[in-house]
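Peer 1: Could you slot chain B onto chain A? The hints should help.
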Amino acid sequence: MFLREKQTLREAIMENSIYLDEARDPLIIAEGWMKDGKDVAIATVVETWGSAPRPVGSHLVIDADGNFHGSVSGGCVEGAVVTEAIDVIGSGKARMLEFGVADETAWQVGLSCGGRIKVYVERLG
Amino acid sequence: MDPYALKTLNAERRARRAAILVTDLGDGRDRIVREGDQVAGDLGAAIARAFRTGNSGPVEAEGRTFFLNAHLPQPRLVVIGAVHISQALAPMAKIAGYPVEIVDPRTAFATPDRFPDVALHAEWPQDVLSRQPLDGYTALAAVTHDPKIDDFALKAALDANCFYVGALGSRKTHAKRVERLLALGATADQIARIHAPIGLDIGASSPAEIAVAILAQTIHAFRSRGLEAKGAVA
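Which chain is which? The protein sequence lines are A and B, in order.
Sequential numbering from 158 applies to the first sequence in my numbering.
Sequential numbering from 253 applies to the second sequence in my numbering.
Quick caveat, the hints were computed from the structure, so don't treat them as lab data.
Predicted, not measured: the structure shown is a model, and the values here were computed from it.
C-beta: ideal position from N, C-alpha, C; glycine also.
Do not rely on the hints blindly, as some may be mistaken.
[Said to hold, decoys possible] In silico DSS-like cross-links for lysine-lysine, where the CA-CA straight-line distance does not exceed 25 Å:
| id | chain 1 | residue 1 | chain 2 | residue 2 |
| --- | --- | --- | --- | --- |
| 1 | A | Lys250 | B | Lys259 |
| 2 | B | Lys428 | B | Lys407 |
| 3 | A | Lys250 | A | Lys195 |
| 4 | A | Lys192 | B | Lys259 |
| 5 | B | Lys400 | B | Lys424 |
| 6 | B | Lys407 | B | Lys424 |
| 7 | A | Lys195 | B | Lys259 |
[As the list claims (entries may be wrong)] So, partial list: chain B residues that the calculated Cβ filter (under 10 Å) puts toward chain A:
| id | residue |
| --- | --- |
| 8 | Arg265 |
| 9 | His323 |
| 10 | Pro327 |
| 11 | Glu353 |
| 12 | His472 |
If we strip away everything but chain A, and leave its shape as in the complex, we get (with noise of 0.2 Å):
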């Protein structure tokens, strides 16, 4: 196979992207945590409105000592999922979160970018 000098295979195949990234991947790493016998949450984006940082279906997923991978926004509201996914793992019951600047009132955690967006977040198992 012929590459770029300096190129690794591994970035080639990151490049091109059609193979999982396992070490980043964000359920890949859940089924490891899993694996590991670790209490996990999945939070996943499910709503949308206006500029999003993230797309629908994009996972934060979050272990019960608050390690997490992944993302549901630019970084803006991961600290806020991930407190509330620690009470999830806790409780077993799962939430639906809503994050935005018309929310203020509900949450002190806003997207500076105007979007909102609601994060489903659910125990593993």
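Peer 2: Leaving out everything else, chain B in the frame of chain A:
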């Protein structure tokens, strides 16, 4: 999320097969639907749409709210032939969201100089495709004009149910190709799936114009998956 659903979903994604995670947002129950699985009613129609578009989103059906998370493999384009057309096709397809790999055993053609920033294999299609098999989310365009190089790849693309199979050459050239593919064991139905002469009929003349015609036909084939070839499950 059901741990079994997560495992199943990841296995499908690793295998480059499309799957949709359907979550009932009322009670949190979820399940995996694979492409080709039959789901009735409004939910089934929404699932079919999500497989076609790749768009995720909430759906109201049966008095409930479901979230459909569509996981489609990244479509890609394999081009057999490191020719002038391919030089134009590779960057155009990449911009359109279809990463390209080029295969051509002729080392004079398949040089990094002629194809910067492209995954390039100066090998026989047999060797490349045994390592990286074709699948239903791969398009294949055979543009060498050389049966020794094109034929094996075309047969492999038909067997793998590639969402698009195109072959360069006139109607006369294609008639001879059909004979050879029949001899290789391809069925008439399979052969009917080959787009030949290749490309949408836009009167393309230059290599770059032919590349546009091929790319447009590839996109059309991808976006109409499941509409023309019913039961064509990867």
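Peer 1: If a hint holds in the structure, say so; if it does not, say that too.
Peer 2: Verification of the supplied hints:
A hinted pair counts as satisfied when its Cα atoms are at most 25 Å apart, and A:Lys250 with B:Lys259 qualifies at roughly 21 Å. Proximity of B:Lys428 to B:Lys407 is assessed by CA-CA distance (about 14 Å); at most 25 Å being required, the pair is judged to hold. A threshold of 25 Å between alpha carbons decides the hint, and for A:Lys250 with A:Lys195 the separation of about 17 Å falls inside it, so the pair holds. A threshold of 25 Å between alpha carbons decides the hint, and for A:Lys192 with B:Lys259 the separation of about 10 Å falls inside it, so the pair holds.
Annotation: proposed proximity of B:Lys400 to B:Lys424 holds, straight-line Cα distance about 17 Å (limit 25 Å). Proposed proximity of B:Lys407 and B:Lys424 is supported: the alpha carbons are some 19 Å apart, at most 25 Å. For the proposed pair A:Lys195 and B:Lys259, the alpha carbon gap of about 15 Å is at most 25 Å, so the pair holds. Hint status for B:Arg265 relative to chain A: holds, with the closest Cβ pair at about 6 Å, below 10 Å.
Given the 10 Å rule on beta carbons, the hint for B:His323 holds: about 8 Å separates it from the nearest Cβ of chain A. Of the supplied interface hints, the one on B:Pro327 holds, with its beta-carbon coming within about 8 Å of a beta-carbon of chain A, less than 10 Å. Hint on B:Glu353 holds. Least Cβ distance to chain A is approximately 7 Å, under the 10 Å limit. Hint status for B:His472: violated, given a least beta-carbon distance of 21 Å to chain A, over 10 Å.
Consistency with the previously given hints fails for number 12 only.
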